[in-house]
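Number of protein chains: 4
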Amino acid sequence: MAPRTVSRTHEARAKIGENKRTRTRAALIQVALQVISERGFDAPTIDDFIAAADVARGTFYNYFKSRDELLIAAAGHVADTVDAEILPLFALTHDPAQRVAIAIRKFIEMSIRHPDQGGLLVRMIPLSGGAVSDEMRRGVLYDLESGQKLGRFKWRSLQAALALSMGTITMAIRAAISEPTPENFPELIAAMVLQGLGMPAREAQRVAALPLPEPVA
Amino acid sequence: MAPRTVSRTHEARAKIGENKRTRTRAALIQVALQVISERGFDAPTIDDFIAAADVARGTFYNYFKSRDELLIAAAGHVADTVDAEILPLFALTHDPAQRVAIAIRKFIEMSIRHPDQGGLLVRMIPLSGGAVSDEMRRGVLYDLESGQKLGRFKWRSLQAALALSMGTITMAIRAAISEPTPENFPELIAAMVLQGLGMPAREAQRVAALPLPEPVA
Amino acid sequence: MAPRTVSRTHEARAKIGENKRTRTRAALIQVALQVISERGFDAPTIDDFIAAADVARGTFYNYFKSRDELLIAAAGHVADTVDAEILPLFALTHDPAQRVAIAIRKFIEMSIRHPDQGGLLVRMIPLSGGAVSDEMRRGVLYDLESGQKLGRFKWRSLQAALALSMGTITMAIRAAISEPTPENFPELIAAMVLQGLGMPAREAQRVAALPLPEPVA
Amino acid sequence: MAPRTVSRTHEARAKIGENKRTRTRAALIQVALQVISERGFDAPTIDDFIAAADVARGTFYNYFKSRDELLIAAAGHVADTVDAEILPLFALTHDPAQRVAIAIRKFIEMSIRHPDQGGLLVRMIPLSGGAVSDEMRRGVLYDLESGQKLGRFKWRSLQAALALSMGTITMAIRAAISEPTPENFPELIAAMVLQGLGMPAREAQRVAALPLPEPVA
DNA sequence: GATGAATGAGGATTCATTCAT
DNA sequence: AATGAATGAATCCTCATTCAT
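The listed protein sequences correspond, in order, to chains V, Z, P and W.
Once you know that position 215 of the first sequence is 215 in our numbering, the rest is easy, because the numbers rise by one and skip nothing.
Once you know that position 185 of the second sequence is 1185 in our numbering, the rest is easy, because the numbers rise by one and skip nothing.
Once you know that position 12 of the third sequence is 2012 in our numbering, the rest is easy, because the numbers rise by one and skip nothing.
Once you know that position 156 of the fourth sequence is 3156 in our numbering, the rest is easy, because the numbers rise by one and skip nothing.
Derived by calculation from the structure, the hints in this document are not laboratory data.
All C-beta atoms in this analysis are idealised placements derived from N, C-alpha and C, irrespective of residue type, glycine included.
It is possible that part of the hints are untrue.
What the hints assert, rightly or not - Distance condition first, Cα-Cα at most 25 Å in a straight line; then the derived BS3-like pairs of lysine-lysine:
#1 65(V) <-> 2065(P)
#2 154(V) <-> 1154(Z)
#3 3020(W) <-> 3065(W)
#4 3106(W) <-> 3065(W)
#5 3154(W) <-> 2154(P)
#6 1154(Z) <-> 1106(Z)
#7 2020(P) <-> 2065(P)
Claimed, not checked - Covered by chain Z, according to a simulated footprint, are these stretches of chain V (three or more residues, beta-carbon under 8 Å):
#8 79 to 87
#9 171 to 177
Make a model of the complete structure from these sequences and hints.
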């Protein structure tokens, strides 16, 4: 079985290389989230990142062409994390009101659990043409429109409805990161947004308080 | 006109100088608003400011001790503008719902008329420590609480109510600056926020649509 | 005369500034020629140049965007120097053979007198798309063609004639810089090129040896 | 074909390895010639070489201890090529004029056929310390002097004669690489050089046009 | 042997601020 | 007051070379 051995070796080596590369990259991204949460978004230099990750200057550039590229990658990682939490829940219901509530609650919950990631998310929304937020935005847009068609929402301007939703989420995340918030803060925010979108208060509060399966990770 | 020139008093000269000084300073601030609104707080360099204002490097430092000082002055200018526009209207009513609606409508209107100032505003609000946002925040806080006491609002968490208000305003200004918006956008936003705060839809829309005295400038 | 004083002051200041700027720029170029002659073309870094010129790092970048830009400017300076020497002499004759001889002799003489400058010239010819050499090349081209028409030259391929002229000049400058050469080296080179271009040996040597007005500087 | 594979002797395997080793080494040198011919000696990085050769970084260092070693090997390869083409022809005649003509024609022809090698040659000649140019230089020197003794040449300065020969060859190769040239370009150049060295035009052109055995490779 | 991740010294570049004119 | 040349600390970026797998 010599050939197999040979080929396995090749594969194995490739895989090890692959793993190491992936690990270093992941470490840099992880470290970036930490450092940003500690020292803010603008202050940290490439030097700070590599010092925290304990890699050489050149190693950084083996993975990212610039500071910005690292930050974007980090934001992408956060987006993936959020997606992984929200998408399974979206499979459970097609009620736009519920979906909006789920997204809002999950985003805020995640930001409370991982303030670094929430912070980065919020900082990236204005920046980068919204690479991160775009996906979120598209999802929200879709639910706002179908909710209107189904009579769940009663907004009079899509632009305004979008501003309400995105603005409130953003500011709520910001609050959740920097101040202590009540345990049901995510639900409270979700309910207010639904009310703002035209749902009766009682129904909004009911939908916003529906039990949610716990995240696995 | 030589005689007139000669006969100019010291005072007159001082005043002319004063005027010029004021004008250059104002020009620098104006230019700063533009540049910041386009490129954010951190990106622009002093070179960008002096190039846009077409003054020499040294001149800049005759007016501002540092880059930060210009930024603060620019923010202060926006605060003054806001004060001049909104405070007089606040004298007209003590209904918290009306006051919140007035503030929201005025902020957005002003941002449409002076996108540079709106842009700076939007950049400052998240910093939440900026003079503008603090004052605004206090005002909003006060109205939210008294509105609750008077039964006009029915929020369940002050933090959440604040996030809804501030977040929606911020995002609405952002939209108003960068996209065309319907003429009644300010009112629409105001109505949605009031609904979110627990007012019945009909009443929210009525209050948000009350006629407003035109701004002077 | 206050106004006049004021305006003279303005002019004077502008002029002083202008002078200073010009002087610093010239100093950097001068220093570049020196440093290159001492340490070669490739070795010196920007640090070496600014140390030799005794200016700050930032000052360098006030004048040149990159190391290459300095080198190109230095080469341009050399080209100007040569032009200043050759052009007046070109006014004295329209005989293409004489003009070719003058150009060759002057380039080599200059390189013997200022080896730094000659060296830079030779190094820049392959580089920079020939910004430096292009002018020279055009001049030579013109004289080669008109010399042919007038029956002074008898080459059979313009390309080949150009290769002979430019190649020989380049290599002669190189030799003149790095080895001791006989006093009449410039004339010898000129004569050989004219022979190569098809002039009879005797006539070539006569034209190449015609007395030349001494340079002023 | 398993049996055959199995029955392969150690020697055979060694030879295959040897071949592969030789091939990879040759590929690196070949690629180096290309890259150097295009971008010069200094510009290309090891990354450029390994990317063009499509080998891993470590593989490069299995064959060459340093970047310089590759450059030297590449130059050696060109030297070998030149030797193989020109030396056999030198056995055919002892007339210095013919030998100079042969060398010139062969160098240019070879550069047209193998532009990469010509490019490297041209880059090396000015360095004059390169193995190729030294050998060539010695050969040319010898022929120039014996040609003078035999009355075939009539130069007045060996230095100048050398500059004419080497400079013209260099520039002619450069032209032949980068522009289309007439078919008899090598002969034209050879004739001009011989004329420049003092041979009568008619005789120079005759010698330069003598038929040459075709190269084998 | 082949691989490619990691290294870090060497150099390039920016930009807020000072200061003589 | 206005000017703009000069400064240099802080930071970025490249690339030849090493070495564990």
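Comparing the hints with the structure gives:
1. Restraint check for residue 65(V) and residue 2065(P): satisfied, since their Cα atoms lie roughly 22 Å apart, inside the 25 Å limit.
2. About 19 Å separates the Cα atoms of residue 154(V) and residue 1154(Z), which keeps this hinted pair within 25 Å; it holds.
3. Restraint check for residue 3020(W) and residue 3065(W): the C-alpha separation of about 19 Å stays at or below 25 Å, so the hint holds.
4. For the given pair, residue 3106(W) sits about 33 Å from residue 3065(W) by alpha-carbon distance, which is inconsistent with the 25 Å threshold.
5. Between residue 3154(W) and residue 2154(P) the alpha-carbon distance is near 19 Å, which keeps this suggested pair within the 25 Å criterion.
6. The suggested pairing of residue 1154(Z) with residue 1106(Z) holds, with an alpha-carbon distance near 24 Å, which does not exceed 25 Å.
7. With a C-alpha separation of about 19 Å, the suggested pairing of residue 2020(P) with residue 2065(P) holds against the 25 Å cut-off.
8. Only residues whose C-beta sits within less than 8 Å of a C-beta in chain Z count toward coverage, and the segment 79 to 87 of chain V has 0 of them, not enough to reach three; the restraint is violated.
9. Coverage of the segment 171 to 177 of chain V by chain Z holds [criterion: at least 3 residues with CB-CB distance below 8 Å; count 4].
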